[in-house]
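Take the two lone chains and join them into the complex the hints point to.
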Amino acid sequence: MDAQQALADLTEISSQIQAAVVFDDTGKVAAATLADSTRADDLAQAASGLLAAADAVKTGESALTQLEVATGEGNVFVVRAGKTVIAATTGSKPTAGLVFYDLKSALRNVKPTSAPAKKPAATRKKTATAAKKKTAARKPTTRKKQDET
Amino acid sequence: MRRSIAALLGVVGGMLAGAAFIRRQSAHRERADLYFEDGSMLSLTNGSPGAERLLPLARDVIRKTRGT
Numbered sequence: 276m277d278a279q280q281a282l283a284d285l286t287e288i289s290s291q292i293q294a295a296v297v298f299d300d301t302g303k304v305a306a307a308t309l310a311d312s313t314r315a316d317d318l319a320q321a322a323s324g325l326l327a328a329a330d331a332v333k334t335g336e337s338a339l340t341q342l343e344v345a346t347g348e349g350n351v352f353v354v355r356a357g358k359t360v361i362a363a364t365t366g367s368k369p370t371a372g373l374v375f376y377d378l379k380s381a382l383r384n385v386k387p388t389s390a391p392a393k394k395p396a397a398t399r400k401k402t403a404t405a406a407k408k409k410t411a412a413r414k415p416t417t418r419k420k421q422d423e424t
Numbered sequence: 023m024r025r026s027i028a029a030l031l032g033v034v035g036g037m038l039a040g041a042a043f044i045r046r047q048s049a050h051r052e053r054a055d056l057y058f059e060d061g062s063m064l065s066l067t068n069g070s071p072g073a074e075r076l077l078p079l080a081r082d083v084i085r086k087t088r089g090t
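Those protein sequences? They're chains A and B, same order as listed. Numbering-wise (the numbering used here), the first sequence opens with residue 276 and increments by one. Numbering-wise (the numbering used here), the second sequence opens with residue 23 and increments by one.
The following block holds chain B by itself, in its conformation from the complex (with noise of 0.2 Å):
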């Protein structure tokens, strides 16, 4: 019995952690990168000022391709 307990929290803790991995994971792929005429690169990451910015208006864009 308390074997079976011990892993059923086991597989709870284990689906919790793997979601939690995978949203911060989401999260972070989130970023704007800017390339300019003298081949140097500005990588956004989400949080940054220039991204928030930059985000919203990116998925406007997408969703307009979708008709949503």
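If we strip away everything but chain A, and leave its shape as in the complex, we get (with noise of 0.2 Å):
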């Protein structure tokens, strides 16, 4: 799914969910649900400012994947799926559990979409799956003339 359909499910399943940026690793924003694509890198810059930051104060060797700030001002989520991560805000006192329910959900459908190298493979089986598919209804179609003649 396109990071940008599955931003606009997000907003539109979790009413809890009030801006939400997906952008990777090094910062490029692949979809945000902000208009400007200004305050959308601004917004990416941010929130992976937040994670470089939750990382450092880590204490044991298992790696960070989601994170929740509640201020006064609002919550922040961010969650992490190897390169891609998806941060959102959230009024006060959201249900966490289903805030990173929802962002995992779309984490996950955007993920195919951030791993082009994946697409030509998947398309190269189909095709072969489909020519054999072919050939397997196209022969018994023909022993049947051979049987009729």
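Source of the hints: derived by calculation from the structure; they are not laboratory data. Fair warning: there could be bad hints in the mix.
What the hints assert, rightly or not - Sample of chain B residues facing chain A (criterion: CB under 10 Å; computed from the structure):
| # | residue |
| --- | --- |
| 1 | G40 |
| 2 | D55 |
| 3 | E59 |
As the list claims (entries may be wrong) - Restraint-style ranges between C-beta atoms, simulated for each label pair:
| # | chain 1 | residue 1 | chain 2 | residue 2 | range |
| --- | --- | --- | --- | --- | --- |
| 4 | A | S337 | B | R45 | 13 to 23 Å |
| 5 | A | S312 | B | D60 | 31 to 41 Å |
| 6 | B | G89 | A | D330 | 24 to 34 Å |
| 7 | B | L31 | A | L373 | 42 to 52 Å |
| 8 | B | R75 | A | S367 | 46 to 56 Å |
Claimed, not checked - Some chain B residues near chain A, calculated using beta-carbon distances under 8 Å:
| # | residue |
| --- | --- |
| 9 | M23 |
| 10 | R24 |
| 11 | L30 |
| 12 | G32 |
| 13 | V34 |
| 14 | R51 |
| 15 | E52 |
| 16 | R53 |
| 17 | Y57 |
| 18 | F58 |
| 19 | D60 |
| 20 | S62 |
| 21 | L76 |
| 22 | A80 |
| 23 | D82 |
C-beta: ideal position from N, C-alpha, C; glycine also.
In structure tokens:
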């Protein structure tokens, strides 16, 4: 699914999410709910900075996958899956579990498009299977014709 | 007269106590929860060194979404 479409679905499903942005580990924005691209870039950079600061806080060996910061002005959620990151803001006192679930679902929908190398392989497989099916479908008809004659 | 003054003082006192309670609650509400790959979670409450670093960054993120 297209990243922009995934975000549109996300904001439609979750009324708690006020704004969201999808970006990669370099900070490049894939999609955002903000119309202004400059503001979307700023938001991605700020969220990336927050994630980097949270990475610095961690004490163990395990990687940081998601975070929630609750402030008096609202809450910030960031979820990371591989190189793709989704950040979202909500109002005060959101249902954190639901927001995380929705963000993870959106990220799963975004992920296939962020890995374009996989696409041609999948198309090739499909065409190969389709060709096999076509030949398989043709064979019995030829046989039938031979039987009939 | 004394009764009305006592009632007024009671109302003012209650309002002040309520305001202090709300302020304290909102201060407690500020926190940062970090979730790790192994399933562990670290909650940093307002006042801890980690939260002091993350809270201003989060406020900055929120302001950027609101365009202020």
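Each hint, compared with the structure:
The beta carbon of G40(B) comes no nearer than 17 Å to any beta carbon in chain A, farther than 10 Å, and the hint placing it at the interface is violated. Annotation: interface hint on D55(B) holds; nearest CB of chain A at approximately 5 Å, less than 10 Å. With a least beta-carbon distance of about 5 Å to chain A, the hint placing E59(B) at the interface is held under the 10 Å criterion. Taking the beta carbon of each, S337(A) and R45(B) are about 36 Å apart, not inside 13 to 23 Å as hinted.
The supplied range of 31 to 41 Å is met by S312(A) and D60(B), whose beta-carbon atoms lie about 37 Å from each other. Distance hint for G89(B) and D330(A): a CB-CB separation of about 27 Å, consistent with the stated range 24 to 34 Å. Our hint of 42 to 52 Å for L31(B) and L373(A) holds, since their Cβ atoms are close to 45 Å apart. A hinted range of 46 to 56 Å for the beta carbons of R75(B) and S367(A) is inconsistent with their spacing of about 21 Å.
Restraint check, M23(B) versus chain A: the minimum CB separation of about 42 Å is more than 8 Å; hint violated. A cut of 8 Å between beta carbons decides the hint on R24(B): the least distance to chain A is about 41 Å, and the hint is violated. Evaluation of the L30(B) hint against chain A yields a violated restraint, the C-beta minimum of about 31 Å exceeding 8 Å. For G32(B), the shortest C-beta to C-beta distance to chain A is roughly 30 Å, which exceeds 8 Å, and the interface hint is violated.
Interface restraint check: V34(B) against chain A, minimum CB-CB distance 25 Å, threshold 8 Å, status violated. Nearest Cβ of chain A to the Cβ of R51(B): about 6 Å, under the 8 Å cut. The hint holds. Taking 8 Å as the C-beta cut-off, the interface hint given for E52(B) holds, the closest approach to chain A being about 6 Å. Satisfaction of the interface hint for R53(B) is found here, the shortest Cβ-Cβ separation to chain A being roughly 5 Å, below the 8 Å cut-off.
Evaluation of the Y57(B) hint against chain A yields a held restraint, the C-beta minimum of about 4 Å falling below 8 Å. With a least beta-carbon distance of about 4 Å to chain A, the hint placing F58(B) at the interface is held under the 8 Å criterion. Annotation: D60(B) was flagged as interfacial toward chain A, and the flag holds, the nearest CB pair being 4 Å apart, inside 8 Å. With its C-beta approaching chain A no nearer than about 6 Å, S62(B) sits inside the 8 Å limit, and its interface hint holds.
Because the beta carbon of L76(B) sits about 5 Å from the nearest beta carbon in chain A, less than 8 Å, this interface hint is met. Interface hint status for A80(B): upheld, as the beta-carbon distance to the closest one in chain A is roughly 4 Å, under 8 Å. A cut of 8 Å between beta carbons decides the hint on D82(B): the least distance to chain A is about 5 Å, and the hint holds.
When the structure is compared with the earlier hints, violations turn up for hints 1, 4, 8, 9, 10, 11, 12 and 13 and for no others.
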